[in-house]
Amino acid sequence: MSRKYQGLIVFNTKSLEGTVDELVGAVAKEFEAEGAKIDKVAQLGRRQFAYNARHLEAGHYVNYTFTAGPDTVAKVQKRLSLNGHVHLQYFQRVA
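Per our numbering, the sequence shown starts with residue 1, numbered consecutively.
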């Protein structure tokens with residue numbers, strides 16, 4: 001049974017070798033590799049943090065809307081935790 005989810009990913013672009021668009025596309029492919037179907041990708045831009053988190057002053061925010069099974073979200077979280085450019089990830093189910 002597929003459900004609709006939103007995932008907010010904050011990227012650390014400090015030591016990024018390519019462009020931000022390439023990084024956003026690579027993460028979207030990681031979603032699809034775990035069985036999710038991407039509906040929409042909204043880049044919210046670079047924003048300052050309220051305080052320095054892990055020696056980082058700002059991050060690039062991207063909102064992914066996707067359709068997937070309940071176990072897929074856990075697989076995506078585990079996979080993205082291995083990505084050095086992913087600073088923060090937050091997922092929620094959309095009604």
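Everything labelled a hint here was simulated from the structure, so no lab data went into it.
This structure is a prediction, so every number in the text was calculated from the model and none was measured.
Quick reminder that beta carbons are idealized off the backbone N, C-alpha and C, glycines included.
Check the hints yourself; a few may be wrong.
[Claimed, not checked] Across the chosen pairs, the derived CB separations fall in these ranges:
#1 Tyr51 / Lys29: 28 to 34 Å
#2 His55 / Gln77: 19 to 25 Å
#3 Asn52 / Met1: 40 to 46 Å
#4 Leu16 / Arg93: 15 to 21 Å
#5 Met1 / Gly45: 31 to 37 Å
#6 Gln48 / Asp71: 34 to 40 Å
#7 Ser81 / Gln6: 16 to 22 Å
#8 Arg46 / Ser2: 19 to 25 Å
#9 Arg47 / Gln92: 27 to 33 Å
#10 Leu88 / Lys4: 29 to 35 Å
#11 Lys4 / Asn52: 16 to 22 Å
#12 Lys4 / His55: 15 to 21 Å
#13 Phe49 / Val24: 15 to 21 Å
Broken hints, by number
Violated hints (numbers, rising): 4, 8, 9, 10, 11 and 12; every other hint is consistent with the structure.
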